[in-house]
Each structure stands twice: as structure tokens, then as C-alpha cells.
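Undergrad: Listed below, chain by chain, are the residues.
Protein chains: 2
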Amino acid sequence: MNLSNSSETSNREPSERNLSKLCVHTITTKPWPIEEAARRFSASGIGGITVWRDALAGRDIRQTGQLLRDQNLSIVSLCRGGFFPHTEAAGRQVAIDDNKRAVDEAFALGAPLIVLVCGADPGQSLSESRKQIQDGIAAVLPHAEAAGVKLAIEPLHPMYADSRSAINTLYQANDMAEALHSPWVGVAVDVYHLWWDPTLEREITRCGKNGNLFAFHICDWKTPTTDFLNDRGLMGEGCINIRQIRGWVEATGFTGFSEVEIFSNRYWSEDQALFLEKIKHGYLHHS
Amino acid sequence: MNLSNSSETSNREPSERNLSKLCVHTITTKPWPIEEAARRFSASGIGGITVWRDALAGRDIRQTGQLLRDQNLSIVSLCRGGFFPHTEAAGRQVAIDDNKRAVDEAFALGAPLIVLVCGADPGQSLSESRKQIQDGIAAVLPHAEAAGVKLAIEPLHPMYADSRSAINTLYQANDMAEALHSPWVGVAVDVYHLWWDPTLEREITRCGKNGNLFAFHICDWKTPTTDFLNDRGLMGEGCINIRQIRGWVEATGFTGFSEVEIFSNRYWSEDQALFLEKIKHGYLHHS
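Top to bottom, those sequences are chains A and B. Each residue of the first sequence is one higher than the last, beginning at 1 in the UniProt record's numbering. Each residue of the second sequence is one higher than the last, beginning at 1 in the UniProt record's numbering.
Any given hint might turn out to be false.
Each pair may be met inside one copy or between any two copies, as identical chains are not told apart.
Derived lysine to any residue pairs resembling SDA-like cross-links, with alpha carbons at most 20 Å apart [what the hints assert, rightly or not]: (1) K131 to Q244; (2) K21 to S74; (3) K222 to S125; (4) K278 to W248; (5) K131 to T199; (6) K131 to G45; (7) K30 to A146.
The hints are simulated quantities; they were obtained by calculation from the structure and are not laboratory data.
Use the sequences and the hints to build the structure in full.
TA: Pasting the structure below:
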């Protein structure tokens, strides 16, 4: 793969859009260490990077943040905090402490936002988990505010309601963000989790109107999908009308990044440089 | 497995509930031909059977219905009609014709109800699929009414929105049933599809109040779930509070069957007589 050619190609892209508002999650190209991902993204003209905490393992977080900025990458967010619910109070405290560490990491990295996968415990009711999520965010909030780091509640697809998130619709996320009523708490909209919801346009409008639309994640839903976690599709290979949803998001005044977050055993097993080309094409032509 | 012993055991069940309002779907014990399923269910004191169309293959449907009634089984419903959406009009007409055949089969069997898995086509928008579903049901309705067969819209979990059903919440199913405004069109509530929905209690109340609560299906959601279709859990081995949801259903005045509908590669590979004992136990103690 000739990177400078690849970069020239993207610079000659005929579309009216360029890649300056494209952000790629480190987990999307998981086989690459963050340093290589940053070089490759930057060489492609991609404007942003969202950092997963596992990508920071064994590194000086402050220096890694500087390395990303030196590559002209905007650090869009840190993934992920959350997982607040537990049947035991001690477990909930562990989660709160871990979320405070995530805030510290985001501050060190220079990430303005943490995405929250809020959690759920199958050993208790969804309503109890939902209450614990709100209490957990409230407990972390002063620390986040002091660090200048925002928190985004990400509603997850209902197929994750048992153990990953009891927040499963944008309606719920909006309700919770509004209840917490802080400029430091908002919502992350991910098309994979929300595309099926007949109230999506209305809830995106509400989210934007209340100043809570903090992040926009894209990928696609394949038919068939064969794995609950790691079979997400590239934009254009599934049934999600990403462009329509982006239109709703941008109609609220959102000018942030489109963040490509793809977990895929299939793509992780491919040549990542070729995969990155596909991501750029999918972003330009199918989102 | 000694069936008469098994039957005596269930008759001595200490619970205040008996099995007269338990219905089992033929697909739940798929390895059994319908004749054997009927004998086994009946010998166990189970009151109802829901028949999947594949179980009728190669049989005289009228005679099979009589065979079920001779075993003192109530024929609760026929599964399944639906799959109305297609990008091509010809495909939609094929679906309508097939649904009319399902009505004829239900009439011949003596089943008062057909459950509709409404369908979705990933090649078109969800809103288009939803419109085609409503149009399809409207097209079948006169035939169903003439045959005295009711139609139940079954909202399916959002993880099936791409290709199995564009009706993914009870709110949508209620809306559609109310729009079709016929005593022959109602809704099937399945805990597997709907348990995660924070509006579930309200929508069950609405469904019952409008006379649209036609059927109640139970099983459980396992953590982890490893297959999108065939890894449903037995009542009690997952995180769904089935008893709470049954309470909401019965609070509407519903006095129908709890129908056990479990697709499970694991259980289908087990001894079905032992599995039936587990079903009875799960029904009595975890629903």
C-alpha cells in the first residue's frame, strides 16, 4: 500500500465532501497500534480519531495525545465509560471509580468527551439498572465537570438490554440527559443502535434542540448479521439509510464528526490499509 | 420416560396453577411430529397447542385438527402468516395469496387465530415496509373475516427489523391494529420481543383496553444469547420478568393461554420428553 498515493487519491476525490469531518475509532482498525492508526488516518486526510481505552495500554497517555495532535488529528472522544449497574453496591462503586479514572484519562489525552455504554445487570430489573445508571452518571459528573470532560449517554440496541445497556432508545437517553440537566451530559447517536426506531427523527430533533447531541456514530446493519457483537457492516453494505439519519442530525445544527465505529471479525482479519480505503469510500458514498 | 407417571406428577403439582392455560407451540418441540406432540401435551395435562404450518406438511389439515381436539387440546393459533413487504408488487401479491392460504388452513384446522410475522425488506425503507404491511393485512382481512379467523400482528424484536418485521414495538402494533379498526385484527404480545421496552406496561394496557390483545407468548432471554434465531431460553433461565409481564397482560382481563414458543438448537437436540417436563416446570415456577 502506497500511502502517499492513497492520500493523493483521497485529495482528488470527486465528491463535494472531503474527509476532514470523518473520524475513525481505534477499535475499527483494531489490529493497528494507535501510533500506526494515527499515521494512516492522518496520511489519508481523515480529520478525527476516537480512542478506545485498550489502545492506550502501556502508553503515556499525555504523550499519546500529543502524538495524535502532531498528526493533525482531532481527538473526538474516549471510549468508553459506563457499566454502572450492579446488584451489589460495592460493584457500583467500582464502576464509579473506573469512570472517574476514564475522566482522568480523557483529560490527559485531551479528549473532550467520554462515550458511556451505560451497562445492565441481568440479575435485576431494567428499571433498577436505569436508576443506577442515572445515579452513577450523577456521581461522576462533578469530576467530569472539573476536568472539562463531557459525558455522552449512548443508547444501545435493545439486543444488548440484558447485560450491556438498559438505555435502549434515544427517547430514554434524552429523558436521562434532560433529567441530569448539565451542559456536561449529552447523548451519542449511533445509527447501528437506533436505525429501526420509528421515533428516531423526532428524538434526534429533540436531542439537538436541547443541546444534547454530542456525537454521531456510523456503520451499517448487514442481512444476515451473524454475531451479536462483531459483525457490523461497512457503510453501504447494509440496510441503514445513514444519509437520511445524518440529514436529521445536521438539521439540528450539528457540525461534528461522523465517527466510524465498526466491530467486525471479518474486517479485522483483512489488510487494514485496504479496509481503511473501504471506510473512506463508504463514508463518501454511503453516508 | 414414563408418560403416565409424568402426567401423574404434573397432576400432583403443588402450585395453585395447573396446566390448563399452558399452550405449547409445535415448533418448540420440533423433533416431534404433530401427532406425537399432541399425545405428549395431552398426557401432561397441557391445555393448548399452537400449530406451525410446517407441522401440517403432508397431512389432511381437517383430520389433524380433529386429532388435536380428540386429545382435548385447544387449538390456540396457526403460525404463521405475514412477510408482506417486497420491493416488487408481484412479491407482495405472492405474500397476500399465501396469507389467504394460511387463512384457509386455519379454517380447516379449526384455529381461531393466525399470528403474523409481518416481514421487512432490507432493500427498502422501514416506513415503506410498514405501509406495505398495513396494506397487506387490509387485503387479507375480508378473507379472514369470511372464514372467522382472526389475525394477530406480532411486534418482533428490533434485531429483526432488517428482514423479519418492520413492526418492532407494541406501540407500532397497537397503532396499526387501531388503524385497521376491525374486530378481526389484533396483536400478539411475546415477552422475548418486547421485554426491554420501557413503555411495555402502558402499551399492554392500551392493547387490552382496545380489545386487541389476542395472544401471549413466553420464553426467556439468556445471557449470553449466541444465535439470532435459535437460542431462546426456557422460562427462568434468563432475565425476563415473565410473571410481571403476565400480570400486566392479565390486568387487562386477558384470560387466554400462555404460549411457550422456544426456538433452540440446544433444546431441539435434547430428549423432547425431558424438555417438556422442563417447560411445565418453567411455566409453573417462572411465569
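Undergrad: One pair to classify: K131 and Q244, alpha carbons no more than 20 Å apart. Within, between, both, or neither?
TA: Close across copies (19 Å), not inside one copy (33 Å); limit 20 Å.
Undergrad: Pop the pair K131 and T199 into one bin, within, between, both or neither, using alpha-carbon distances up to 20 Å.
TA: between (23 Å within a copy, 16 Å between copies)
Undergrad: Can you give me the call for K278 and W248, within, between, both or neither, at a CA distance of at most 20 Å?
TA: neither (25 Å within a copy, 49 Å between copies)
Undergrad: One pair to classify: K21 and S74, alpha carbons no more than 20 Å apart. Within, between, both, or neither?
TA: within (9 Å within a copy, 61 Å between copies)
Undergrad: Within a copy, between copies, both or neither: where do K30 and A146 come within 20 Å Cα-Cα?
TA: The answer is neither: 31 Å in one copy and 59 Å across copies each exceed 20 Å.
Undergrad: Can you tell me if K222 and S125 fall within 20 Å by alpha carbon in one copy, between copies, both or neither?
TA: between (31 Å within a copy, 14 Å between copies)
Undergrad: How would you label the pair K131, G45 (within, between, both, or neither) given a Cα cut-off of 20 Å?
TA: neither (42 Å within a copy, 42 Å between copies)
Hints 4, 6, 7 from the earlier list are contradicted by this structure; the remaining hints agree with it.
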